[in-house]
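Chains as they are written, first to last, in numbering that gives the first Met the number 0: chain U, 0 to 346; chain Z, 0 to 585.
Covered stretches of chain U (in silico footprint by chain Z; criterion: 3 or more residues with CB under 8 angstroms from a CB of chain Z, positions within the stretch not fixed):
(1) 140-146
(2) 150-158
(3) 276-287
Derived contacts from chain Z toward chain U, CB cut-off under 10 angstroms, selection only:
(4) L109
(5) V244
(6) I285
No lab work stands behind these hints: they were computed from the structure. Since the model is a prediction, treat every value here as computed from it, not as a measurement. Even for Gly, the Cβ is constructed at its ideal location relative to N, Cα and C.
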Amino acid sequence: MNLAIALWLSQDAVTNGAVYALIALALVVVFTVTRVIFVPQGEFISYAALSLATLQVGKVPGTIYALISGGVLVAILDSIAALRRKSLKRLPSIVFVNVVLPLAIAAATWWSASRPDDLLLQVAVTLAIVTALGPIVYRLAFQPLANASVLVLLIVAVATHYMLTGFGLIFFGGEGLRAHMFPDLQFQLGILNISGQSIAIVVTSLTLIALLAFLFGHTVYGKALRATAINRVGARLVGISSEFSGRLSFALAALIGAVSGILVAPITTIYYDTGLMISLKGFIGSIIGGMTSYPIAAVSSLAVGFLESYSSFWASAFKESIVFTLIIPVLLWRSLTTFRIEEDDEL
Amino acid sequence: MKRRAVVWAALVLLSVAPLILSEFYVTLLNYIGLASIVALGLVLLTGIGGLTSFGQAAFVGIGAYTTAVLTTQYGVSPWLTLLAGFTLTFFISLFLGFITLRLSGHYLPLGTIAWGIAIYYIFGNLEILGKYSGIAEIPPLSVFGWQLSDGRTFYYLIWGLTLLALFGMRNLLDSRSGRAIRALRNRSIMVENFGVDTARLKIIIFVYAALLAALSGWLYAHFLRFVSPHPFDLNGSIDYLFMAVIGGSTEVWGAVVGATVLTLLKDWLKDLLPKVMEQSGNFEIIVFGLLVVLMLHRARDGLVPYLTRLIPPDAQGMVPAGVRPLPQRAQPHAGYPLLQLKQVSKSFKALAAVRDLSFEVQAGEIFGLIGPNGAGKSTVFNLMTGVLATDNGEILFCGERIDDRPGREIARYGIARTYQHVNILPSMNVLENAAIGAYRRGREGVWSASLRLDRAEEASLRREAADQLDLVGLKPYLFDAAATLPLGAQRLLEIARALCADPLLLLLDEPAAGLRYREKEALANLLRALRQRGVTILLVEHDMEFVMGLVDRILVMNFGEKLAEGSPKQIQANQAVVEAYLGSVA
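Turn these sequences into a full structure, and let the hints steer you where they fit.
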């Protein structure tokens, strides 16, 4: 290995690690707020990447049908609940959020499909579709089980992952797709070629992390999420609805997934089932952070990126096994150094 | 119809099934039996023990490959390879358990995924295991020269072993170790205080579950007579976890019900959907996911708890009579310095919870520890029982240092405690909750319990628990779920549990909280009677009337320090104490 290869591998590592860091953050947000180990996070990535690529060839991605039918389903369920509680006032907002908004996004999608060169519009539409799917997934799969044990929530997460993968195959077919490169730029830095895409990934990740830090530190919604994460019952007593926090955290996770999907779409071919492997790497990052610490999760995701990049150089066939095996000593060290409070989920 | 009758009906149906069903359904039933054995291990490990494993399929693989290699390449008898498979699985699971069970909480699932994937790759890459194409022509099993070569005869072997495993597990859960296992998930600190080595017990149930998986693998290899790596990958492990959760991960029958539902569902979906949808795709995976989510929405604890609510329970248990009583310790003579604290300190970051505290409790007395909220009383209890470690100073019990000992060893010295926040197992009945206290006084382990060789000792333990419950006045509620008792009675249950440990020193953390006037009187009388028997009592309490009328000596704490010590009369006259409680008069 010479310096050029080392530098090239490092660039690869930083690029991947930045994406893993985003995923890790999403998983931490979802877990702390809802206790769901969100296995289907990867599907948000593949849905976004494949929707973008589909739009670029001038077709309407199938995810929009999922958004509309999911929205209608949520509207029906929420309306029934509202009628039972005799709160008719809520009906207009339910219909607006779950039916009108998805239809508006659908209209934008058709418009975008007719303009295959309008990159910004494609990105905006992709972000809108996938982000809107997040709360729908929460409402349909997880909200009815908000108080269930972590194990049951995990099983539901795996089942949801199966469903979303199955739908992915129907929407996009078994063929992999790759989106166009965005800024077709190359920089020469000494002996290293830096692609515009790498820079875009790192800059976007850092920006998003900064935005999240601001959201959690300085906005009332972010504080509501933090309150729910620390103590669900206490948060409810001061008027923070845990259903609202759940939907918000899933919307955030979906947004982060959509951004990561759009970022990786031009550099790797994405298949309908690629998401799981990417989110497992992010999962490792967030696990090392104890599922609760954002900065440690981000840093360790970067480490996972390096581990993967260099092990693919030395032993590419065992790339995945090496990443998973080397994680055990780290996990051991983490679990020996953290003090665990017993979780009482027998209630 | 009672629950027992339902079980008998199921057994009868299972025994005639191969006589009436077609070959196809007998094969399905065989697969269900094989999966049930593995899922049963997960019920113990994950549902009851709280340790999530994504690696069970790898142990099935170890059992299957061991017999495949030994029978095809070395001509070893299949019955010997079962032993070989068990031995290999035992050592591998012991090793894996040792390195991964230290992982707590959410680290554990990922750790099990890691070695699960690693073992799968070993199956697929080793020459001797036939790489990804596997090993074929595994010989059939034979029993006394009778070959089990077709599905119908094999059925009886699979289901015979499944039922054996099932009843073994049921026996285990209804035993001394079983009670401790049921406490592992949410009450591990409490059972440590009653002498349970929770780390060791976790490894034992991990190995137990792995051995069940290996048994299933051995049967699988001789039933199919072919093995390849594919069924032993991560998806296989996830399927077993699905079965346990859907069936009801805290119930032994949940494993069978879950395995049945999942196996039938997958089979029907594979057959049915392509016909309905008229195009191929991953529809079965979507419908499968959907049905799982809907099932858990309806019955989040799984199908068995959901269904058993519809069937009335069987008659309540009996307390065994005429059994050998448990041996008791001799209490030390009155006035012996039983417990000594010497300059003990403990801080939580900047907050000094206990500062340079020294006092002595003598055998045969009731010693009261009082003080305003936040004075450090409960911290002192936690330091004495190994829940927290001291920063400085020494704690001696019967002249031996105990401040550097773990909680379970302190239990052996003869200290038993109750908790400020009631620390019982709500779904267990009152008798079993109390019997946890007697854990240290029994010795029968997991294997003898599974085989019901522990009954004599178990009868003594239950008798002891019933006697202590009688003493605190809970006799009418022995077989009620502990959660149904009012708070005051739950505190009495904690006292009975502590008494089951045959303590020299009884630590009571606010025992009178939540009791009504008459109940407090009864409690005071009970504590006096215990003192009469020679038991030493150290109690933390807020109710001054209760304390002053009962105790021999009092220590008052304020801001982590000793404020005063003496008889109730001296304390009531102490100016500093009055100021600490009421503020200064001036």
